[in-house]
Structure formats: structure tokens, C-alpha cells
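Listed here are the chains, written in short residue letters.
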Amino acid sequence: MADVAHASSNAPAPKPAPHVKDNAIIRFENITKRFDKVVAVDTVNLEIKEGEFFALLGPSGCGKTTLLRMLAGFETPTEGRILIDGKDVAALPPNKRPVNMVFQSYAVFPHMKVSDNVAYGLKMDGVAAPEIKTRVSEALELVKLGGFGDRMPDQLSGGQRQRVALARALVKRPRVLLLDEPLSALDAKLRDQMRSELTSLQEKVGITFIMVTHDQDEALAIATRCAVMNRGVLAQVATPADLYEFPNSRFVADFVGSVNMFEGVLEKDEPNEAHVRCPELAATVYLDHGVTGARGSTVWVALRPEKIEMHKRPAGSSAMKMEDAPQGANVVAGVIRDIVYLGSETNYEVELEGGRRVKTFRSNLTRYDQEDFTWDEPVWLAWHACSPAVLLS
Amino acid sequence: MTTLSQRRARRERPGPLEYTKRWPLRVIVLATLAFLYLPLITLMVFSFNTSRRNVVWQGFTTDWYVKAFNNESLLQAFVNSLTIAFLCTIISVILGALAAVMLWRFRFPGKTAVEGSMALPIVVPEICLGVAMLVFFARVLPWPMGLPWPLNLGAITIAHVSFSFPFVSTVVRARLASFNRELEEAAKDLGASEWRTFWDVLVPHMQPGLIAGALLAFTLSLDDFVITFFTAGPDTITFPVKVYSMLRFSVTPEVNAASTVLILVTVVLTAVGLQMQNRTEADKAKA
Amino acid sequence: MEQTWRQAKAAFAAISIPPIAWLLLFFIVPMAVIWAYSFGENTGPVTIDFTGTFSNYMRAAEPLYLEIFWKSVLVAGLTTILCLLVGFPVALAIAFASPRMKAWLLLLIMLPFWTNLLIRTYALIAVLREQGYVNFTLEWLWSNASGLMTLVGLQPLGEFEPLTLLYNNTAVVIGLVYVHLPFMVLPLYSALDRMDRSLMEASLDLGAGHMRTIMQVVVPLAAPGIASGILITFIPALGAYLTPDLLGGTDSQMIANVIERQFKRANDWPFGAALSFMLMYLTFIAIAVQALVQRRSERRR
Chain U
154 MADVAHASSN APAPKPAPHV KDNAIIRFEN ITKRFDKVVA VDTVNLEIKE
204 GEFFALLGPS GCGKTTLLRM LAGFETPTEG RILIDGKDVA ALPPNKRPVN
254 MVFQSYAVFP HMKVSDNVAY GLKMDGVAAP EIKTRVSEAL ELVKLGGFGD
304 RMPDQLSGGQ RQRVALARAL VKRPRVLLLD EPLSALDAKL RDQMRSELTS
354 LQEKVGITFI MVTHDQDEAL AIATRCAVMN RGVLAQVATP ADLYEFPNSR
404 FVADFVGSVN MFEGVLEKDE PNEAHVRCPE LAATVYLDHG VTGARGSTVW
454 VALRPEKIEM HKRPAGSSAM KMEDAPQGAN VVAGVIRDIV YLGSETNYEV
504 ELEGGRRVKT FRSNLTRYDQ EDFTWDEPVW LAWHACSPAV LLS
Chain Z
31 MTTLSQRRAR RERPGPLEYT KRWPLRVIVL ATLAFLYLPL ITLMVFSFNT
81 SRRNVVWQGF TTDWYVKAFN NESLLQAFVN SLTIAFLCTI ISVILGALAA
131 VMLWRFRFPG KTAVEGSMAL PIVVPEICLG VAMLVFFARV LPWPMGLPWP
181 LNLGAITIAH VSFSFPFVST VVRARLASFN RELEEAAKDL GASEWRTFWD
231 VLVPHMQPGL IAGALLAFTL SLDDFVITFF TAGPDTITFP VKVYSMLRFS
281 VTPEVNAAST VLILVTVVLT AVGLQMQNRT EADKAKA
Chain B
34 MEQTWRQAKA AFAAISIPPI AWLLLFFIVP MAVIWAYSFG ENTGPVTIDF
84 TGTFSNYMRA AEPLYLEIFW KSVLVAGLTT ILCLLVGFPV ALAIAFASPR
134 MKAWLLLLIM LPFWTNLLIR TYALIAVLRE QGYVNFTLEW LWSNASGLMT
184 LVGLQPLGEF EPLTLLYNNT AVVIGLVYVH LPFMVLPLYS ALDRMDRSLM
234 EASLDLGAGH MRTIMQVVVP LAAPGIASGI LITFIPALGA YLTPDLLGGT
284 DSQMIANVIE RQFKRANDWP FGAALSFMLM YLTFIAIAVQ ALVQRRSERR
334 R
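Protein chains in written order, with this note's numbering: chain U, 154 to 546; chain Z, 31 to 317; chain B, 34 to 334.
Hints listed in this document are in silico derivations from the structure and should not be mistaken for laboratory results. A hint or two may mislead.
Claimed, not checked - Keeping only pairs whose Cα atoms sit at most 25 Å apart, straight-line, the calculated SDA-like set for lysine to any residue is: (1) K297/B x Q106/Z; (2) K297/B x D265/Z; (3) K297/U x K357/U.
To be verified - Computed footprint of chain Z on chain B; a stretch qualifies when at least three of its residues, placed anywhere within it, have a C-beta under 8 Å from a C-beta of chain Z: (4) 38 to 49; (5) 96 to 105; (6) 302 to 312.
For every residue, glycine included, the Cβ atom is placed at its ideal position computed from N, Cα and C.
If we strip away everything but chain U, and leave its shape as in the complex, we get (with noise of 0.2 Å):
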């Protein structure tokens, strides 16, 4: 059952993605933005390699949007330049810079046909009236509207019309597409399909993707890296499966994802070996790998939901232990309080001793539940010596 309970936490695999290449097509160099007396973006460094699909994730008003707003040359920065293959964009107004964007309204112009909107910016560019034709309708066949284009915007769903926004960028083979919440609008349904489609869009015209979204979810399915931001400042830098295993701070660990976060003193710090005492879990923290903190500090232990198993408790057994930890380190004893069947999985809330909760997942891999764990049961809770993230700030 154990082995079974960790098979099943969802690590995902890196994804491949072999149209990346070595140079760096977009760099923020200590990009500040201040409106008034409000840091939005704070000493940003950042470089995105072409062909990246890359997400700038965090909650609202942490400044992603403006980072991107900035790249397309709506806001300008206070301080620190942007370079764009290279060269400093300041001077550029954003009709002038090689990236285009897909707004998170979608911005498609209502007083114009889809056709007419996808070619507008071809017009402003001064491309030969028949390359246009053939640039839109190819244009629109790579976002599956072809035959849309004599539409009017108001005649077509939401779906539609963030399809047609893309073919609208994209027809004008931008360095960098930027795409400001590309999500949100749509149901939920609809959303899982785009996500999928934005993945093999990209991989097809081979163009580098900025997203924003708040939405860690969709970070995590469809970038090739994200950054995530807090407050102004960059959280963290890394690949969506670094992101959620080795999260670099409790800001991530608890945005990205679904975490137990356990405040300890490191009492004991080897190459090989770790451990921290958590007055709140009334066990030891074991980590088979050492931890880069000075012996004494407070640091915190992020333990994930379905890196948890949980076993019964029959009443006078004697003290669960985990194979790959000493005696009394990785298991706590608690009790079940809450239960919520979400189908695929079932999160449960156990009560330990001290009144601390633990959230803990488990698949639901039978029809029928032999364990059957339910309310107000004793249990253990047991992970792995390497299944604990030690955050030090």
C-alpha cells in the first residue's frame, strides 16, 4: 500500500522541448517599475531563451502583468532595460517592437470583420495587398477558423475570439508572443482544450511564448519554465516539475501547489543526513540528503499532500516505522476530523496530537475503498526521508 501511495504522487516529467536554443531573446536587466510610490517590479533580472514556452506566474498585483506590459512597451520602466534580441527597446514605442500580444479581453476590434482584424497589422506594416490574403486565411487556418474570416467579432463565442486575437499576432510572425492571461475568460471545459492547443501551436510556429496567469495549474501544464513572482521581486526561476519538488521558498511552496509547511529548528545537518525538530508534528524531520543552513536556525519543513500515506492505527499497536527512517522520525500518530470525496482522489484532514492539521491526499485507485478510512479514526502518518522540502526562508 505504502509503495502504491508514492507511486501515485504526481511528479511530472520534464517536459521535451527541443526547439529551445541557446540565446537569450529576451533580458531584463534590473527592471524596477514605480507608479507614484508603489513598487510594482522590483530589480527584475530575467533572460528567456527562444523558443521557450514561459510562464510568468503569481497572485494578483505581483507585477507579472506589468513585466509583460513593459516588454510590449505599454508601461515604461523606472529603472534597468529590456533587451530584446539584444537591443536595448527602450527608445521603441509598441508599434514599433517585435512582439505582439494577446490581451486578456482579447481586444479583437468589433467594428471590423475577422479577416480585417487579423490583416490590420499587416496594413500597418505596408505588406502587398495579396500576401496579405494568403497570410490571414493561412493565418486563420492555424487557429481552426478558416472560413471565419467575412465573421463579425459579436458572432462568434469567446473561444472564437481569443483564437482570433492569436491569429491576429501571429499572422505578423512576431520574435515573442506575449499572452496576458489567455485562460481566465474561458470555462472550464474550453480551458483544458486551449491549454493543449497553446502547447502544439507553439510547437508548430516555433515562436517564444510569454504567458501570464495567476493560475499555477496552468503554469504547471503548459510552460517549458516559470518565474514566479511576489510582491515585485522574482520568487523563484525553474522548470514546473523544479517548481513544485524543490520549491525555493515558502512563497512557492504554497502557491504552487497544495503543501503542509511545518515551522522546526535544524538540529542536525551532515552531507547524507538531516534533521529537524518540529514542535508541531511531536516528530522528527529525517531527510536522507543534507541541507545548507546553519545547525540551530529555524527553518521549515513543505510537506506535500500526496507525499503522505496514511495507515491504520488498531489501538495498542506499537509505534509505526518507516524503512527508510530511524525509529520515531516520519511517522505522527493523529486522528481523521475532515473527509472530502473529490472523486479521483480523497483529501482528508487529520488531527494531530498538539491540534495541528495535516491535509493528505489519496488516489482513489478501487471502486471500493478496502482501508475504508473514516471520521474520528486513529491513524499514522508516514513519508519518505525524501519526500520533505526544507525551506529556509
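Here the structure of chain U is known, so what remains is to put chains Z and B in place on it, guided by the hints.
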């Protein structure tokens, strides 16, 4: 280094849509404001000028104000204007509110016609309404001469109400559009009668609209020259009509002084009205 | 939503009778009387017979009066165009100002609107007349320029001739623009303020410059606002009485001045009534045109 970056921060390039920060637009806005205000400001400044000629600044004096206040007929006209505006505001707000509730609330035969005629006084040129009122009060309903004040102002007040209350109705109706009818149903569900519901739920909701409408009716009445010009008799002169006749003869700083007073009265009343409106709207927002 | 009047007859009566009665008695009746007069004839100094004649309208169609109508339309049209040219950038600047700045600018545009029309016209007279400040400023510049020219050894300029800025058609147009500018700015502002900013950003993002963005995106989308701005500037300008009367010369009579003369001086009420109904029809035509434009732009959306 810090000073350099600070200076650069201060001279930040405006964003592409910050049109207000672009100098051609700034020049146009400033020029427009100058065009709108310079004449008024000169008028006000020269109401304090010692010289009789409105031309060269010769020294500060308040003589013209004293003179204007001692000018019996000017003062009478001023009082008349304010009285008419006051009466017109009260009647217009009542009629306008009733009309707004009627059009918002009820479905009845001929509603389109009523709605259309209600909009007519707003669009009909002043001069047409003015001559219509002249004929009406000369032939159909002759307003008796020599009535005691303020009854002698009746004809002008009626004319003013006729073009003011449709404006009030429009403003109040716009406000009513945001009314949540469930509130009314809730009040009735809790046992309030039709009448209590009207007073306890609908009128409080209309309040900002009523204040805005009152403000509009007051200024419309105070501002009106053309319609008054056709309805005023020799003993019912309003301030604009008086100024008009003074202008025909000469332009003296006395007129400047009287105008300055009227401008200040309107500005203060507008400020008070806007303040009241903001306050009730802020209260509503808090609630 | 709405309830029929039958459901609450007493309430309906209490609410509807006062405004409808007022409108009927003090608006519809006076208008109807004027309308009847327009088909009447003067039979004595104070008596008018309703003969059903069209002679008043025939007279109004004489070249002399048609010319005045045409001129009124031209002056009002010119005023509207000038207001639009000045008002659009001003409205744009207000719509895109910071919230604080926006409130102040709006107040500054509104304030003259609350100020008495006659006082504003009077103020304009004080500025524009030969002894006014525009001429003083020009004279000062003139004499300085003249002094400068003598300094560099040229002939000084001649005596300064004050410009006649008053009592002509130009003065009437300036005066009408002065009075009606707020009428234009406010609807333009509210149309621009309501507009989705991301549409303009999208246009810029796709490579259009500011002028092209304004012409191809902003103007078509703000068309209903522009149309109503044009209408509420054009209508009062067309029927303006005070401005041409005070600022105009002998040849700047507009239609309202002619109407006034029929009632107050010439004492030809039937003819004046006919003229004033023709002015009303012109107004209604303008409104109908605007409604048509509005409907078309709405259908397009």
C-alpha cells in the same frame, strides 16, 4: 549615481496611452482652458478696478460692488432671479421625480407618446419655447399685472419649470435604472404598504438623482435669458435680462461686479450640490 | 418588470397626473397655439385670424429668409466642427489623465457651463472689443516688434490698427464655440472614457501609430459619442439668439434673431410662428439624422 537614476526616474518617458502627458495635447488643453477662463477672470479682476473704463488697471476698489448693491433695480432683478430659480427647482424636482417614476414603473397606453413629448422641451430651441410662452401668457392665460411679489413672477416660473422638469426627470430616471427591484419586493414582503415602500426604499435610492436634478434645474433657471426675455414684464426683470439691457447702453464695472457675485453664487451652489451628491453616493457605497 | 397601470390605478393617477397635466398645459398648449398661429393672418393690430393659410410658410421660403436659414446652418455647422476639432483632443487628454487630474479637468470644463450664458458673452465682449485685451496684447507685441526693427536699423512699423473682432460673423462663431465647447467635450469624454483601452493597445501593438490608431480604432468606436456631441452642439448653436445678437453685426442675423424681431418689433406673430416651426423642423431633422447614424453604428457592432 543615485541622483542620476533619480533624475531619470523623474523624467520617465510617458506610456503610450498617457496622452495627457504629451506636450501637443497639453498645449491644446491649456489653450482651451485659457480660452474658457481668461475672459471670465478678466471680468472678475476688473470688477475691482478704480477706473471707470474697463481697460487699464488703476487700483483696487470695491466701489463697484457698493454701487451695484445700491442699484435698486439691479438688486431687485438679482433677488427675482434667485426666487424664480428656487421656486422652479422645487416644482421641477417634484414633477420630474413623479414623471421619472411614472415612466420607469408603469406600462400604459400612449407611453411612447408621453415619453416623446417629455423629451421635447429638452430639444426644442429656446427661441421657439420663448415665443410660445410669450403668446401663451399674452393670449391664452394672461398673467394678471400688479400682483404682489412673488406671485408676479409666476409666468416666468411656469415657463422655467416647463423646460427644467424634463431634465430632472431624465436624471432621476437614469438613477432609477440602477434600482434593484428586489429591495421593493423585500420591503413589501416584510409588510410595508405601497406608500411606505415608496418612501422607505425608492425615495432614498433616488436621492442622488434628486440632488443632481435640483442642481440642474436651479442652474438652468438662473442661466436662462431667452425664455425669460419673452415672458418678463416691466416689473418682473430677472438678472440676465437686466444685464442685457445694461449692456445695450454701456459696459460699466458695475455690471462686472454684479456678474462676479452671480458667478460666485453659482460656483458655491454647485460646489455645495456636488458635495451633497458625493456624500450621499459615498453613504450609499458604504451601505 | 414594469407593471401595468391597471394594477395600481390610484398610485398611477397620483404619480402621472401632475407631470402630464403640466406638460400639456404649459408646454403642448403654447406650442399648439404657435403652430395654429403659423397658419393665421394678422387682421388688426392685435387680432389674428386662423385662416389656414400657407402664406407665412411661403414667405419664409423667400430667398431672403432661406438665406438666413442657410447661414444659420452654416454658422452652427462651422461652430460644431470647430468644437469637435478642439474638443476631441481635450476629451482625449481628460479621458487618459490620472484620476485626480481627471476630476479637476472635468470640473474646469464644466464650470463655465454652470456660469450664466449672458455673463460669459459679456466677458467675451470685454476681451474682444477694440479696447479689449486681445487688441491690447497685439498692440504691445506690435510696438515691441516695431522697436526691435528700429534697433536692427529697419523702418519701424506703422501705427497699430486695432482689429475689429466684434460685430461680425467671426465674432459670432467664436462666441458660439466659446459657449458650446463644454457641450461637445462631455459626450466625447464619456465615449472615450468608456472605451476599452486594450483595443487601442492592440492597435499600437500591431504596428499602428497614434494617428492611425485614433482614425481607425478610436473614432469608429467612439462614433455614437461623437454623433451625440455633434448633435447637442449643433442644435443650440442653430437656434442661438443671444450670441449673434450681442456679438454679431448687421449682417450676422441668425434665424432666432429674425423670429424675435417678428414677435417683439415687427409684431407679425403668424410669420414668426411659421419661422419658429421651420426652425423646429430643422432641429428634428438633425435629431433624426443622428438617430440614424447611431442605429447604424449599433447594428454594426
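Straight-line Cα separation of K297/B and D265/Z no greater than 25 Å? Answer holds: K297/B to D265/Z is near 17 Å, not above 25 Å.
Do at least three Cβ atoms from the region 96 to 105 of chain B come closer than 8 Å to Cβ atoms of chain Z? violated (count 0)
With a Cβ-Cβ cutoff of 8 Å, does the region 38 to 49 of chain B contain at least three residues near chain Z? holds (count 6)
25 Å Cα cutoff - pair K297/U, K357/U: 13 Å, holds
Per the coverage rule (Cβ-Cβ under 8 Å, at least three residues), is the region 302 to 312 of chain B covered by chain Z? holds (count 6)
For the pair supplied as a hint, K297/B and Q106/Z, is the alpha-carbon distance within the 25 Å limit? 24 Å, holds
Checked against the numbered hints given earlier, the structure breaks only hint 5 and satisfies all the rest.
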